[in-house]
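Chemist: In case you want the letters, here they are:
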Amino acid sequence: MNDGFAVGRAIPRLEGKEKVTGQLQYLSDLKIPHMLHGKILRSTVAHGRIKRIDASKAEQLPGVVAVLTRDDVLRNTQHKSHYGPVFKDQTVVAIDKVRYVGDPVAAVAAADAAIAEEALELIEVDYDPLPTVCTPEEALAPDAPLLHEFADRPEHEFADLKDIAGVSGTNICSLFKLQKGHAARGFAEADRVFEDVFSTPAAQHAALESFTTVAQFDPSGRLTVWSTVQNPFVIRDQLAELFNLPESMVRVIVLYLGGSYGSKQYPKLEPLVAALAHKARQPVGITLTREEVFHTITKHGATVRLKTGVKKDGTIVARDCQVYLNTGAYAEIGPRVCKKAGYTAGGPYLIPNLNIESRLIYTNCVPAGAFRGFGVTQTTWAHESQLSMIARKLNIDPLEMMLKNLVDEGDEFATGERIQSFGLRECLQKAAQAIDWGKKSRSTDSSKAIGKGLACAIKSTITPSSSSAHMRLNDAGTVHVYVGTVEMGQASDTTMAQIAAEELGIPIDRITIVHSDTDLTPYDLSTSSSRSTFHMGRAVQLAAQDLKRQLALSGTGAHSVVGSGTVNTNTLKAKGEHQTSAFWFAGAGAAEVEVDRETGLVRVLRYAAVVDVGKPINPVHCEQQLRGAAIFGIGQALLEQMVYQDGLLINPNFLDYNLPRFLDVPKELIAVLVEHPHAEGPHGAKGIGETAIIPVAPAIANAVEDAVGARVNELPITPERVLRALRAAEMDAARGAVLSN
Amino acid sequence: MPLRSFEYIEPASVSEACQILGDYPEEARICAGGTSLLLLMKQSIVRPRYLVNIKKIPRLCYIENDGAMVRIGALTTHHDLEVSPLIAQCFPPIAETEHEIANVRVRSVGTVGGNLGFAEPLTDLPPMFMALDASVKIENAKQSRLIPLGTLFVGHYETILEPGELITEVQISRTPKSFGLKYLRFSAGSDKPAVGCAVSVTLDDSTGVCSNARVVLGCVAPTPLRVEASEALLVGREFRPQLAEQAARVASEACSPLEDIRGSEQYKRDIVKILTARAVTGAFEHAKRLS
Amino acid sequence: MKRAIRVTVNRTEHVLSVEPCETLLDLLRNHLNLTGAKLGCDQQVCGACTVLLDGLPVSSCTVLAVDVDARQVLSIEGLAEGQELHPIQHAFLRHSAFQCAYCTPGMIMAIKALQDQVPRANDDQIRHFLAGNICRCGCHVEILEVARAILGTPSTPPREVLP
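Protein chains in written order, with the numbering used here: chain A, 1 to 741; chain B, 1 to 291; chain C, 1 to 163.
Some hints could be false.
Estimated spans, in silico, between C-beta atoms of each pair [said to hold, decoys possible]:
(1) Arg145/B with Thr8/C: 37 to 43 Å
(2) Leu40/B with Glu124/A: 24 to 30 Å
(3) His14/C with Leu86/B: 36 to 42 Å
(4) Leu40/B with Glu195/A: 46 to 52 Å
(5) Glu27/B with Glu124/A: 25 to 31 Å
(6) Arg3/C with Glu138/A: 49 to 55 Å
Think of the hints as simulated: they come from the structure by calculation, not from any bench.
From a predicted model like this one, the values you see are computed outputs, not experimental measurements.
All C-beta atoms in this analysis are idealised placements derived from N, C-alpha and C, irrespective of residue type, glycine included.
This is chain A alone, in the form it adopts within the complex (with noise of 0.2 Å):
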């Protein structure tokens, strides 16, 4: 497919000047006539139940409107307590329990924050401790205390979701279950067995723009909610359902998102802001401290226990993935993470024999929800990095063990699907011969050591799904294109545009895109999961074609004309095939990093993330997803770690939460496209936005292991696990050297 005169072209993104004089609104920056402000109040226990909530000196306090209690959640006969985007596990506020310190307990709105904040110091609450799980390991117990006595079954059906479930009695929220061939058969016949724990902890989006939510109600009773979510149809329904509303009378507004990287979806504070909106009679707004965003929301903190079986030449016959996934205190989207995570926890590998288990387990902290990857990098960091340990066991070159075993277009995947479109290969030799795979470097300071490590990544998409454009021509040949998809940053407002004016032959600047307001634009799933170009894209692209047949049709009168296009995505293909997600990701990384053997300091000189994206809307913004994300894994590999002591999470802020920095960025940071196109996709485009980030970590180990035969194994890989895993490695040989004697 040739370049056309809009897609493919580095065309800048529509909203830049904007956004580079200080011009585009962001919703913290919206200001709301008579909005009151809101302050929440949460726990301080990680683990008890309420025993006694007081808000009278609160509310009597000048300048506070109202005060939201548990008292008002069960009063209140118009709307329900429970919410969560799978299992109703979460509350309006905290009613019998709280469950992690942070839990919201009490809300106030008040003329400004000042009052609220002042107001929050006089709301008494006595809680009686329970006993606190802090690890999945804790939670597992026989004897631990269940966090959710009982579990719900999901009222809100996701279509993808509807197997989910927990173990009741336990503190097992789900479980997801892959089996093929047989496992202990393919054990029986390998030459070797492997068998190895890799961790990753919690870990923060650390969007720079915090949580934003206002609520109004008006007189009619309609609810008008403008909040910093990625997916405002879903927190429209989680709220017309909460507040017993038809969906028609609740919007949601989405303006940009100052980004969020998974951080932003579901509900979070907007059944809240909304309660407290109601019993105001006034508009409410809530902005999040970065302290309390550091108690909103997680990456799952995981543990992966990996059992290979291969061949003497590098064939994996067997593999066994144990997943423990810590979901904190709610389940939010947990099941999705449990499911997705399990899926390719085998990794992109034909492997005979497979039996995933995959568990999402309560514990007292932080609750965890989507986060960029979605489970299949926590997974990604124990397949590629024991594939690579392997290798050197073996004395095989990593490489070629990972393009022997590699799933390829055309074979059937673990999933049980035949895999189209599919560029894995070609991204991992591009990858590896980016950072000159096979050729050693030295360093010139004899207390460095230079390595290269290399990793790929298979990922899928939300399947079923849907996304649905409009479109309406003005006078002037001018279009305006409506749709779901939040601008957070990934240009989705100009790729949409792109493909809108390519298929219109108009140019860009005649194209106005109206964006996530759920009066306005029709239906999408949501701006997440990698899917708004393979969806959306093919959306507008549809729409504009309609558009453009209805203008063949109707001659005069254009103002009356308007395109519509949508895309259903199903598990079960045309021929009765089935599939487990309308496209698949495919990527590699390379990392070159440099190691100091006294301090364990690791820097990355090289990186190359190489990642198939069928065809670039936008080759600038593809490359710029690539480095992005790349620099995300570095900080997710090298610096970021959630640290809980005894439920306490004891560095909620950036002094003690270490994000990379322009000195962490490699000064070799490679961004290559590799074009697979997929038949479905506009102009053969995938999505991109997740890829990049998960083959990090493990590229990284890898090259740290090349650079010195040390194994880190638990992320961060940070210079005092390098450290101890050097001494280690050290004694080993000492002691080896003293046996071969």
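For this one, chain A is given, so just place chains B and C on it according to the hints.
Modeler: What follows is chains B and C alone, placed relative to chain A:
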């Protein structure tokens, strides 16, 4: 989090400031750059009723050479030190270290007096200034006193200052020709250092033998920690790598770092050892280059 | 108790009545409706609130409004001359040096400060100066290209690899 209400008092002189601080020992706090204090106030860790702004007091921001010593006014900022031609000439390691402190915005407003007075363990200037045998001038409403910097720090965020006292100046004597200073820090990806080590040596011009030494560790104790045992090893000796190793081992054994998110006790000791060895080597090299 | 201050923001003098506990960021966003500077971490770490105070880059979230009496503040809104964008803003557009752009106003002001303070900065010096500004979307490579273009300095040659 928004700051709680307070009254902002702006004295026009040191004695006026000290008078107010003396009158309200529990409720008044000095506000210079505010980079440390305002963070504590945002977290409601401290809630002063009065902030005493000393930035309007004249003649507290200067870097002067009076021949025998360099005087640094308490309101001198990190940025001032970083770009000062006088500091670059007399004490280049100070300018180099200032370049690494926190970030460029903190350096624009953070002051030397504030840095020393706050007495936070995770800082860079105190060990370095102590390796230079700096003195600190402390004033109250009536008089002033001069104390060695080392005696300023009493504990974790605690100085020897009495109510009504203010740091007004740091004095650093000009160093002899063959004097070498090296400060190294290790930061685990944060704006704050995790371990610091300052070493200074004075060499005999003709023999190259060390006649005086300072070894001061930062971040690994409630206050900067002078390791006199390491210093004693260096005095009377010429440089050899083994000497640096020895002094480093003694330093790592002399401290008891706390385990925290920046590292375990053992790891911090390991880093103390590495930094001290490198700093000793660097100080000797610096001294030899100048002699 | 409120206090009157006289402050020049983007070359215009304002007389404002502020509480001592208000920050410069509050002054810009609430009193003057200049919402370009953002609250990110409230701890001086992220740089999303960067503005120039008497020419020096500061974290406006941690500068008291009362402390800017009789001083000059330059924020992102003051860079463009009417409709004419500043060269740094043009460079950001040319190099696509932003994604969500929440860090962008602060980053642009930091580059302005860099240009003023270290006009001949090389790559390492640029990285060091900008290390205090976080970009979570990861536009560092593009932002470095902007800084190089603005300073007109050539990049540091790549590290040599020994075979």
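Chemist: Each hint should be assessed against the structure and marked as holding or not.
Modeler: Here is what the structure says about each hint:
1. Arg145/B with Thr8/C: 37 to 43 Å: Hint holds: Cβ distance 41 Å, inside 37 to 43 Å.
2. Leu40/B with Glu124/A: 24 to 30 Å: holds (26 Å)
3. His14/C with Leu86/B: 36 to 42 Å: holds (37 Å)
4. Leu40/B with Glu195/A: 46 to 52 Å: This hint holds: roughly 49 Å between Cβ atoms.
5. Glu27/B with Glu124/A: 25 to 31 Å: Given range 25 to 31 Å: holds, Cβ gap about 27 Å.
6. Arg3/C with Glu138/A: 49 to 55 Å: 54 Å Cβ-Cβ, so the 49 to 55 Å window holds.
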